[in-house]
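Sequences listed follow chains Y and G, in order.
Position 35 of the first sequence, counted from 1, bears residue number 35 in full-length UniProt numbering, the numbering being contiguous throughout.
Position 244 of the second sequence, counted from 1, bears residue number 244 in full-length UniProt numbering, the numbering being contiguous throughout.
I should point out that these hints are in silico values taken from the structure, not numbers from a laboratory.
Where hints are given, some of them may not hold.
[Stated by the list, open to error] So the derived label-pair ranges between C-beta atoms look like this:
1) G:Asp341 / Y:Glu15: 25 to 35 angstroms
2) Y:Glu304 / G:Asn179: 52 to 62 angstroms
3) G:Ala15 / Y:Glu304: 24 to 34 angstroms
4) G:Ala327 / Y:Gln266: 46 to 56 angstroms
5) G:Ala15 / Y:Ser105: 26 to 36 angstroms
6) Y:Ala307 / G:Pro25: 23 to 33 angstroms
7) G:Ser321 / Y:Pro130: 20 to 30 angstroms
8) G:Asp8 / Y:Ala307: 15 to 25 angstroms
9) G:Asp186 / Y:Gln362: 51 to 61 angstroms
10) G:Asp341 / Y:Glu106: 46 to 56 angstroms
11) G:Met28 / Y:Ala267: 38 to 48 angstroms
12) G:Tyr303 / Y:Gly384: 22 to 32 angstroms
Note that the structure is predicted; figures quoted are calculated from it, not measured.
All C-beta atoms, glycine included, are put in the ideal place defined by N, C-alpha and C.
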Amino acid sequence: MHLNYTDKQNAFRAEVRAWLKDNVPSQPLNSYDTREGFEEHRAWERKLYDSRWSMVMWPEHLGGRGCDLIEWLIFEEEYYAANAPMRVNQNGQLLLGPTLMEFGSEEQKRHFLPRIASSEDMWAQGWSEPNAGSDMAAIRSKAIRDGDHYVVSGQKTWSTRASFADWTFGLFRSDPQSQRHHGLTYLMVPLDSPGVTIRPIKALNGKEAFAEIFFDEVRVPVEHRIGAEGQGWHVAMATAGFERGLLLRSPARFQQTAKRLVALYQANPQIAERDPGVRDAVIESWMGAQAYAQAAYHTVGLVEKGAKIGAEASINKIVWSELDLKMHETAMRILGAYGELRGTAPEAVDGGSWLEGFLFAQAGPIYAGTNEIQRNIIAERMLGLPKA
Amino acid sequence: MDFTFTEDQLAFREAISRFLMTEAPPEMLREIWETEEGRSPTMRRKMAEQGLTALSVPEAQGGLGMDDIAWSLMTQELGYYAIADSMADTAYVATGLLNALPAGTPRRDELLAQIAEGDVRIAVGHPVNPLVADVHLADVVLVEHQGEVHALSREQIGYERNPSIDSSRRLSRLSVTPNAESCLADAVHGRQAWDQTLNRGALAVAGQSLGLAQRMLDLSVDYVVQRKQFGKPIGSFQAVKHHLADVASKIEFAKPVLYRAAHALARGEAGAALCVSHAKLACCEAAWLAARHGIQVHGAMGYTWEVDLQMFMKRCWALDSSWGDRAFHKSRVAKAVLADDATIGPQYTFGS
Ligand SMILES: Cc1cc2nc3c(=O)[nH]c(=O)nc-3n(C[C@H](O)[C@H](O)[C@H](O)COP(=O)(O)OP(=O)(O)OC[C@H]3O[C@@H](n4cnc5c(N)ncnc54)[C@H](O)[C@@H]3O)c2cc1C
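So here's chain Y without its partners, still in its complex pose:
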């Protein structure tokens, strides 16, 4: 064990830092849950891509830098410390990208991966259906083979930013007689196809953060299938692992929030007198974020020596989502009467960002597989407890 960065890693950090210093927009972008903000974020992602900072771990021929996991952690640390904009194409970059790399055809890789890296194509995730949330194997949307097309009918829901995205990927039942996770096929569908209707759903903050997607006999070319027909579940499970694991929520994000929370606490010294428990919560938050970062480095060390991430991904998911909640709840306690103010309020603190973060933190234990489901996975796959 040696916990020092190499000269090369330090040089990499300096390079990232310098680039971000020159390029991070001085004003925060509009929320990517609005059309306007979405396009501003697309432009920012394009800028990252042009300087090869979009997907640092991807190989050079795809516009990346071939970075290893430690360099990726360093990149993320600098990115969050610089208060750079949140990434908007995570569905494409963190879920679909790796799936294509593992299961896609050469042709699909060549076509889609660079467009994902540059955010020329923005992706929506089409897993959930009204009656298939936690129980994803219950999905009913159909994709029936007709020559060199699939004919897709049905409905997806809770699809993040589908109102603004260009494509969706998801699972469809290609064998109408099949049950559960058999007979499912993984398809990529352009959202401007005839027969696709999108109905935005307003999230807690009033913005169109997700949407329902209706498919009415939408014709999808067979080339847009990933993996074999009927093998969609297998492909999707690999993707779900990427999401919950390390990549979706890098520790730096929470370390930066913890740092801001410490600053918020210090700017409001009277709170400690009114509620001594707040200091405790601030300290616990910092320790939680620090532990999450150390756990990430620890996992990376093991992965580099050949270990596979298993149920740890589920532990990560629980830890980051509950930490995020705790930090934002603590911020609300510190803000007191100012906590409820929206960003447009003249007296809002920090542009209302704590309130926005608080609202979004409510979703953390729900999306990417609810925390109840993650706990079941840990109990059954890691501890070996019997299924119900």
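Fit chain G with the ligand to the supplied structure of chain Y, relying on the hints for placement.
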């Protein structure tokens, strides 16, 4: 940057684990605890033969010269098998204290060599602990006096025993009269050594607590798979699953914090105290949760003297406040993190 252990470190842990599994089963511990002294000379000799006491003694004095990082693994084993703490105190904490004293310090090399051989038991009286463990059997007691380091024999001190809920604990209130002859190091050298000793003691508790947590989780998993209610193993019920999943999460996330702290201590990093306090809080919290959820999933059986769980629970409750209670460690963290010049944020995972 490499946050993993060497093959050697892992192999040594594995060997100690296998050894303790056969030599220190719960029935044996129960037997030992019922004795007046609460310690088994046979087991202690065997542990010394395994090299445990020589682990961090420098090679020059006949030891293996391993550092705090190795002990972050070893203390987990001591916890997992609920080995009484004199082993950690002598072989790790006292060794570290003696090592930290300058070369030429009277008795230093001689004591280190004796530790390596397993010939001496040392109790450490640090002012952070109001009561001192294992004085009743110690050959030498190292105590602090105005920053100085003093070594006294058991005959030279007065002590009064205080029974603990953990039958393996042997705590004493000391009354000592240090003199010029007992002084090993002056306050200049002593202060620094005592600070490090506090960190080592706290880290030893953290490691043991994590081992205890893992043992309680394993015992609980075994139990809920076997115990049936409503015609099914209780481990198939979600409420039971979630209790244990939470324990597993706490343990997983405390581990790297412990290792990080051991590394900071071994390298003498400026932020070592912060790392150690974080580790102690995280590991003790994991252990308390493992105890609480452990007893819950055992039902009334968990409330009995009969189940093994009780030994591990009591140990973790007892250790929680030793080498600095939670308030102590939390305020150390607060002091560091809330300082005006604190370097915190994403780029400072490993210090500034
Ligand atoms: C902000 C946000 C963004 C999202 N983005 C997307 C997206 O882009 N694409 C997409 O496809 N989906 C998305 N989702 C949907 C998300 O994946 C689902 O909400 C989630 O899987 C839970 O499904 P559900 O809402 O139907 O809840 P339900 O499955 O109805 O669950 C309701 C409650 O019951 C519990 N429960 C259900 N089954 C069990 C069980 N077996 N054991 C224990 N408890 C159980 C759940 O844990 C939960 O507490 C998003 C959700 C949110 C909140």
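We went through each hint and held it up to the structure:
1. For the pair Asp341 (chain G) and Glu15 (chain Y), the supplied restraint of 25 to 35 angstroms holds, since their beta-carbon distance comes to about 27 angstroms.
2. Take Glu304 (chain Y) and Asn179 (chain G): their Cβ atoms lie about 56 angstroms apart, and the range 52 to 62 angstroms holds.
3. The hinted range of 24 to 34 angstroms is satisfied by Ala15 (chain G) and Glu304 (chain Y), whose Cβ atoms lie roughly 26 angstroms apart.
4. Between Ala327 (chain G) and Gln266 (chain Y), the C-beta spacing of about 21 angstroms breaks the proposed range 46 to 56 angstroms.
5. Roughly 50 angstroms separates the CB atoms of Ala15 (chain G) and Ser105 (chain Y), a value that falls outside the hinted 26 to 36 angstroms.
6. A hinted range of 23 to 33 angstroms for the beta carbons of Ala307 (chain Y) and Pro25 (chain G) is consistent with their spacing of about 31 angstroms.
7. In this structure the hint that Ser321 (chain G) and Pro130 (chain Y) lie 20 to 30 angstroms apart at CB is violated, the actual value being about 53 angstroms.
8. Checking the proposed 15 to 25 angstroms range against Asp8 (chain G) and Ala307 (chain Y) shows it holds: the Cβ atoms sit about 19 angstroms from each other.
9. In this structure the hint that Asp186 (chain G) and Gln362 (chain Y) lie 51 to 61 angstroms apart at CB holds, the actual value being about 59 angstroms.
10. Judged by the Cβ atoms, the range 46 to 56 angstroms given for Asp341 (chain G) and Glu106 (chain Y) holds: they are separated by roughly 55 angstroms.
11. A hinted range of 38 to 48 angstroms for the beta carbons of Met28 (chain G) and Ala267 (chain Y) is inconsistent with their spacing of about 57 angstroms.
12. At about 26 angstroms, the CB distance of Tyr303 (chain G) to Gly384 (chain Y) agrees with the hint of 22 to 32 angstroms.
The structure does not agree with the numbered hints 4, 5, 7 and 11 stated previously, though it agrees with the rest.
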